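Number of protein chains: 2
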Amino acid sequence: MKTIRLGLIGFGTVGAGMVKILSQTNFLIERRLGAAVKLVKIADLDIKSDRGVPVARNVLTTQADELLDHPEIDIVVELIGGLEPARSFILKALANGKHVVTANKALLAKHGDEIFSAVEDKKLCLGYEASVGGAIPIIRSLRESFAATRFKSIGGIVNGTANYILSQMSDSGRDFDTALKEAQDKGFAEADPTFDIEGTDSAHKVAILTRLAYGTGVNFDDIYTEGISGITSEDIQYAGDFGYRIKLLAISKMDGEAIDVRVHPAMIPADKPLANVGGVLNAVWVGDEWMEENILVGHGAGALPTGCAVLGDVVEIGRNILSGACGRVPPLAFQRSAIKDIAIKNISDIECEYFLRLRVADQPGVLSIISGILGEHSISIKSVIQKDRDLDGNGVPLVLMTHKAQEKNIQEALLKINRQEVVCRETHLIRVENGS
Amino acid sequence: MKTIRLGLIGFGTVGAGMVKILSQTNFLIERRLGAAVKLVKIADLDIKSDRGVPVARNVLTTQADELLDHPEIDIVVELIGGLEPARSFILKALANGKHVVTANKALLAKHGDEIFSAVEDKKLCLGYEASVGGAIPIIRSLRESFAATRFKSIGGIVNGTANYILSQMSDSGRDFDTALKEAQDKGFAEADPTFDIEGTDSAHKVAILTRLAYGTGVNFDDIYTEGISGITSEDIQYAGDFGYRIKLLAISKMDGEAIDVRVHPAMIPADKPLANVGGVLNAVWVGDEWMEENILVGHGAGALPTGCAVLGDVVEIGRNILSGACGRVPPLAFQRSAIKDIAIKNISDIECEYFLRLRVADQPGVLSIISGILGEHSISIKSVIQKDRDLDGNGVPLVLMTHKAQEKNIQEALLKINRQEVVCRETHLIRVENGS
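From first to last, the protein sequence lines stand for chains X and U. Numbering of the first sequence is given in the working numbering, commencing with residue 1 and proceeding in unit increments. Numbering of the second sequence is given in the working numbering, commencing with residue 1001 and proceeding in unit increments.
Bear in mind the hints are in silico, worked out from the structure with no lab data behind them. Here the structure is a predicted model, which is why all the values come from computation and not from measurement. Just so you know, not all the hints are guaranteed correct.
As the list claims (entries may be wrong) - Below, computed lysine-lysine pairings styled on DSBU-like, alpha-carbon distance capped at 30 Å:
hint	chain 1	residue 1	chain 2	residue 2
1	U	Lys1123	X	Lys2
2	U	Lys1123	X	Lys38
3	U	Lys1092	U	Lys1340
4	U	Lys1272	X	Lys272
5	U	Lys1020	X	Lys253
Could you put together the complete structure from these sequences and hints?
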């Protein structure tokens, strides 16, 4: 029986998950692939700690080069994450004629062009299913299943940490800090959760989805990114009052000649499927004019779901190797010559409905001042809630939902509103989305 | 630029949908595939009716052979459905060295082995993404993305007609006949809806999913199949009272040495994702021990979603042709020599919870008789509802939910219960499932 030989760089949580799965499903992979998959080398700085998975001593090395230069290794699996040295390792693997599987969304979002070019130059394969949505088969679906599709929009809930925190705030009334602490205690959030809660991780993922869906380059810094650390229990509660839930959304909508790509917390109608994707689950929607809508839901992170996605890529590349079809699908699913740069819309040019939470003086005429300013900026109000009376002299919450308006008008109106004497605090804005 | 040449057999709804999409996305397919896709011939008995899509006169023929023997056609797309002449057309296409794309679930469920063998013998490609779940990318996910997965269960809501009818009964309180009529008026149900409402179509689909997930042959007649025509408004209402929704489920669970494959209406807890997949939507869950759960939701039927899935297969095969990798993935994702027949469990050997709706005499002691018989058969009751009094002499409804029990015990108990004098009508049983 033929053998596909793997080298793994990064023996952390996901690496160990992949090794565990491989040790138990190798026989199944053989039945499907018609070849054995053998893990020849694992490189990690720490080769002493017990990962709870069976690994022969001579498989471990602290030297990535031992693996990158190994003459027998067909596929290098990169699971260390981050930009460097991951980027250099992958480029060296490709230069040495090895196929690559990676879960590294940050690297692909920022240095994708360099890596995709190297893959195409060498007619090699790059698997990155695990970079977005864990075991959710969104990358392969975009590359293959939807190859005849003219996408109108793609996006979803692509960060499990943020979704867990928002779900806990929503289901149990916890405040942000408590929910974050709990997520950290349960291992759903890292010690430094910045990338997850500030939306950076979601932005990495939506950059990858945008490239694949529309066949365009993406300048990562053009993606408007806003996290969930400003979301309060009050926001969650008002969202509920208005019939919405708050989710951290990654959005990529084709809008004529530009793409509307952004990451921010959004209010989604409570009866929409995405509003009901809770806990650490992820969900990706894919919208086009013909198949209407597809939503894929699953575990977007974790050692075993991610390990499954990595091994799915290993089998795909193994099949390409065995049938002499490396480079069968270009890394971005589009022919290199057919990739066209499409501009990303500036956030100030988008249009949506808005939720505004103000803290205002408890006196007559306040609503008239606020609605007057909104009106001057062509913004109409859809509904208003003003619940409490001012008991502590800190003003009262005034909560508004607007009809569809231009972001630039909203921002200008808010500047003016926040300067009013009757407005006690900076106004909080949350965009409203349909979740598809 | 290279050209991939298609022949289409069957210019009905889905065929016309595919032609429409192709006419509008050909440029996009070229950008992805790096080759043009050209529809060379369309065979249909009716070549006169206007399908509202642009087709050159000389493309149409009433003779399928003109297409099957056409020397330039690379891929034959079969969209006539049914067993014959679809089977003969596909076998002839394969014999003539043409790749095949089909949406024909009935044919694959019943004559899959013959067709899969012919595909492998000739090292050709067979695309059948459109046979299950329309545009939901479940077939490709099973063949590729989840290639390292040891499945524990797969199934879902795979018939949009039945789901529409049950959703209407549930949301608007309609009875079965009214909901069916409405589905027919809206084009969601055929004039003869038997296959959809009696579960046959779902059984075809679960047969295909079972083969793919576990790498086994499936004797279609071994699949227990029960439709929704026996579901009444009362059932829907009681389901709601107990916190459930009724869905027509296709189930395939690996249970030790046998597979539990069945199609029947099932009560699903209302807060489970599958319970909330309404209207004509389909949803397929895929469960394993590592990635926990994936659910794919989308439009499972209709000209355009199905047309998208067909064209996705066309592009996949086009890529195989262009890279010389036909036969890259075996039709069932498993190597032919690795397919092992696994037995299908007899329905009497399954275990689940049950909902029982009885019509009994309105007199004391009835519950004691019923629960006594259930107890004799090792069935414990979880909850009981007995709402009304007997006003018309036809007895009163008595509704029970059981704890987990053996189907064979339930069936024996029901035989005995139905013979009791206090039982006015045959008892109605609905199985309870978690929806994953």
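Checked hints:
Of the supplied pair hints, the one linking Lys1123 (chain U) and Lys2 (chain X) holds, its CA atoms being roughly 19 Å apart against a limit of 30 Å. At roughly 27 Å between alpha-carbon atoms, Lys1123 (chain U) and Lys38 (chain X) fall within 30 Å of each other, so this suggested pair holds. Straight-line distance between C-alpha atoms of Lys1092 (chain U) and Lys1340 (chain U) comes to about 27 Å, which keeps the hinted pair within the 30 Å bound. About 14 Å separates the Cα atoms of Lys1272 (chain U) and Lys272 (chain X), which keeps this hinted pair within 30 Å; it holds.
For the given pair, Lys1020 (chain U) sits about 23 Å from Lys253 (chain X) by alpha-carbon distance, which is consistent with the 30 Å threshold.
Violation of the numbered hints given earlier is absent; every hint is satisfied by the structure.
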